[in-house]
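Protein sequence lines, in the order shown, are assigned to chains H and Y. Those letters in the first sequence? Residues 1 to 95, by UniProt numbering. Those letters in the second sequence? Residues 1 to 229, by UniProt numbering.
Because the hints were derived from the structure by calculation, they are not lab data. Model, not experiment: these values are computed from the prediction. Hints are supplied without guarantee of correctness; some may be wrong.
In silico EDC-like pairs for lysine to aspartate or glutamate, Cα to Cα no more than 20 angstroms straight-line [stated by the list, open to error]:
{"#": "1", "chain 1": "Y", "residue 1": "LYS171", "chain 2": "Y", "residue 2": "ASP158"}
{"#": "2", "chain 1": "H", "residue 1": "LYS80", "chain 2": "Y", "residue 2": "ASP158"}
{"#": "3", "chain 1": "Y", "residue 1": "LYS171", "chain 2": "Y", "residue 2": "GLU198"}
{"#": "4", "chain 1": "Y", "residue 1": "LYS171", "chain 2": "Y", "residue 2": "GLU157"}
{"#": "5", "chain 1": "H", "residue 1": "LYS80", "chain 2": "H", "residue 2": "ASP59"}
{"#": "6", "chain 1": "Y", "residue 1": "LYS171", "chain 2": "Y", "residue 2": "ASP88"}
{"#": "7", "chain 1": "H", "residue 1": "LYS80", "chain 2": "Y", "residue 2": "GLU19"}
{"#": "8", "chain 1": "H", "residue 1": "LYS80", "chain 2": "Y", "residue 2": "GLU198"}
{"#": "9", "chain 1": "H", "residue 1": "LYS61", "chain 2": "Y", "residue 2": "GLU198"}
{"#": "10", "chain 1": "H", "residue 1": "LYS56", "chain 2": "H", "residue 2": "GLU84"}
{"#": "11", "chain 1": "H", "residue 1": "LYS51", "chain 2": "H", "residue 2": "ASP27"}
{"#": "12", "chain 1": "Y", "residue 1": "LYS171", "chain 2": "Y", "residue 2": "GLU19"}
{"#": "13", "chain 1": "H", "residue 1": "LYS80", "chain 2": "Y", "residue 2": "GLU157"}
{"#": "14", "chain 1": "H", "residue 1": "LYS94", "chain 2": "H", "residue 2": "GLU84"}
{"#": "15", "chain 1": "H", "residue 1": "LYS56", "chain 2": "H", "residue 2": "ASP45"}
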Amino acid sequence: MQNFSAASVNFSQTRKQKGEYTTAPFDPRFPNTNQTRNCYQNYLDYHRCTKALAAKGKDTKLCDWYRRVFTSLCPVSWVKRWDEQREQGTFAGKI
Amino acid sequence: MAHPSQLGFQDAASPIMEELLHLHDHAMMVVFLISIFVLYIITLMITTSLTHTSTMDAQAVETIWTILPAIILILIALPSLRILYLMDEINDPHLTIKTIGHQWYWSYEYTDYEGLMFDAYMVQTQELPEGTPRLLETDHHMVVPTDSPTRMLISAEDVLHSWAVPALGIKTDAIPGRLNQTTFTTSHPGLFYGQCSEICGSNHSFMPIVIESSTLNSFETWSNLMLEP
Ligand SMILES: [Cu+2]
Numbered sequence: 001m002q003n004f005s006a007a008s009v010n011f012s013q014t015r016k017q018k019g020e021y022t023t024a025p026f027d028p029r030f031p032n033t034n035q036t037r038n039c040y041q042n043y044l045d046y047h048r049c050t051k052a053l054a055a056k057g058k059d060t061k062l063c064d065w066y067r068r069v070f071t072s073l074c075p076v077s078w079v080k081r082w083d084e085q086r087e088q089g090t091f092a093g094k095i
Numbered sequence: 001m002a003h004p005s006q007l008g009f010q011d012a013a014s015p016i017m018e019e020l021l022h023l024h025d026h027a028m029m030v031v032f033l034i035s036i037f038v039l040y041i042i043t044l045m046i047t048t049s050l051t052h053t054s055t056m057d058a059q060a061v062e063t064i065w066t067i068l069p070a071i072i073l074i075l076i077a078l079p080s081l082r083i084l085y086l087m088d089e090i091n092d093p094h095l096t097i098k099t100i101g102h103q104w105y106w107s108y109e110y111t112d113y114e115g116l117m118f119d120a121y122m123v124q125t126q127e128l129p130e131g132t133p134r135l136l137e138t139d140h141h142m143v144v145p146t147d148s149p150t151r152m153l154i155s156a157e158d159v160l161h162s163w164a165v166p167a168l169g170i171k172t173d174a175i176p177g178r179l180n181q182t183t184f185t186t187s188h189p190g191l192f193y194g195q196c197s198e199i200c201g202s203n204h205s206f207m208p209i210v211i212e213s214s215t216l217n218s219f220e221t222w223s224n225l226m227l228e229p
C-alpha cells in the first residue's frame, strides 16, 4: 500500500510537468461499463461549445476540457469519421 | 503466466484477481464439504440392511435440509456480490488506454500521450526469440506503470472480439460501435499474457495480448521512445 501511494504521487507529478495530458476523470453521468455515450456526448459538447463561443467572439480555450475528455475516451477512428462527417455536413448529431 | 502442468488459476497480478482466487477457494471448500457429506450418507444407505426408517413425519430433518442449503447459498452469494461490485469500481484512473480488436490483431491507443498508437501482432513461431512463449508473444507490448489504476476502453473495428488477461482477472467483450470500460491495477511488475476470447475468424487463436507492467520511470522512457519517429 505504501508503494502504491508513492507511485501515484510520482505519476501525477510527472504528468503535471508535462501539463496537458491528465486523463478524463470518473463521470457520474456514465457509471456503467458502456462508455459509448460518454465519448459521444463530450465530442458533441466540445463542438457545441466552440460553436457557441465562436459565435459570441469569445476565446474557445474554455472548451478544451471537453476536447481533452473526448480524446481520452473516443477511439481515434471514431473521431476521424465524425470529423469527416461534419465536414461533409452528414453528421447525425445536433451541433 | 500459464504453464503445462497447471491445474488451477494463474498467479494473481492485481488485487481483483487476488479476491477472485479467494472466492474460488472459499467456494471449493463448500463444494468439498457437501460432496464428502453426501458420499458419506450414500455409503451409509447402501451398506445398511434397514430401509424406510423415519421417512414419514420427520419434521426436524425437513426443516434442517431446507434452511441449511439456504444459508450455504447465502454464504457463497454475498462474497461473490462483493467482488462483483468491487470490479465495477472506478478509482480515479491515472491513465486511459484504448484497445481496438481487428481481424486479427489488437491495436492500442494512448491518446493521453499525444499520438501514441501501435498495432500488436503475434510473433510468428519461426521468428520467435528464445525463451518467449509461442503463440503468446506480440511484437509490441502494452506497457503500463505498476500500481497505477488504469482505465481500459475496449472496442472492435470489424467483428466481436474479447480482450482477456487471466492474471489480472479481466475479460471484456470488444464490440464494434460500442466502447466498454474496465479498470485494473497491476500489483507487481511483469509480463501478463492473454488471448482473444471471442471466436472472431480464422486467426482468432493468433491475436494474443501482452501487458508489460514496469516502474513509472520505465513507462515514461518507453512512451517517449515510442513517440520518437
Ligand atoms: Cu479476436
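_For a C-alpha distance cap of 20 angstroms, please report whether LYS171/Y and GLU157/Y respect it._
Holds: LYS171/Y and GLU157/Y sit about 18 angstroms apart, inside 20 angstroms.
*Under the criterion that the straight-line Cα-Cα distance not exceed 20 angstroms, is the pair LYS80/H, GLU157/Y satisfied?*
holds, 13 angstroms
*Agreement of LYS171/Y and GLU19/Y with the hint, judged by alpha carbon distance not exceeding 20 angstroms*: holds, 16 angstroms
*Given the hinted pair LYS94/H and GLU84/H, is their alpha-carbon gap at most 20 angstroms?*
holds, 15 angstroms
_Satisfaction of hint between GLU198/Y and LYS171/Y, Cα-Cα up to 20 angstroms_ = holds, 10 angstroms
*Would the pair LYS80/H and ASP59/H pass a check requiring their Cα atoms to be no farther apart than 20 angstroms?*
Answer violated: LYS80/H to ASP59/H is near 24 angstroms, above 20 angstroms.
*asked:* Between the alpha carbons of LYS61/H and GLU198/Y, is the straight-line distance 20 angstroms or under?
replied: Given pair LYS61/H, GLU198/Y is violated - Cα atoms ~43 angstroms apart, limit 20 angstroms.
_Next pair to validate is LYS56/H with GLU84/H; report whether the Cα-Cα distance is within 20 angstroms._
violated, 25 angstroms
*Is LYS56/H close enough to ASP45/H, meaning Cα to Cα at most 20 angstroms?*
holds, 16 angstroms
*For the pair supplied as a hint, LYS80/H and ASP158/Y, is the alpha-carbon distance within the 20 angstroms limit?*
Holds, at about 16 angstroms.
*Is the Cα-Cα distance between LYS80/H and GLU19/Y 20 angstroms or less?*
violated, 40 angstroms
_20 angstroms limit on alpha-carbon distance, applied to hinted pair LYS171/Y and ASP88/Y_ = It holds: about 13 angstroms lies between the C-alpha atoms, which stays within 20 angstroms.
Of the numbered hints given earlier, the model fails hints 5, 7, 8, 9, 10, 11; all others are met.
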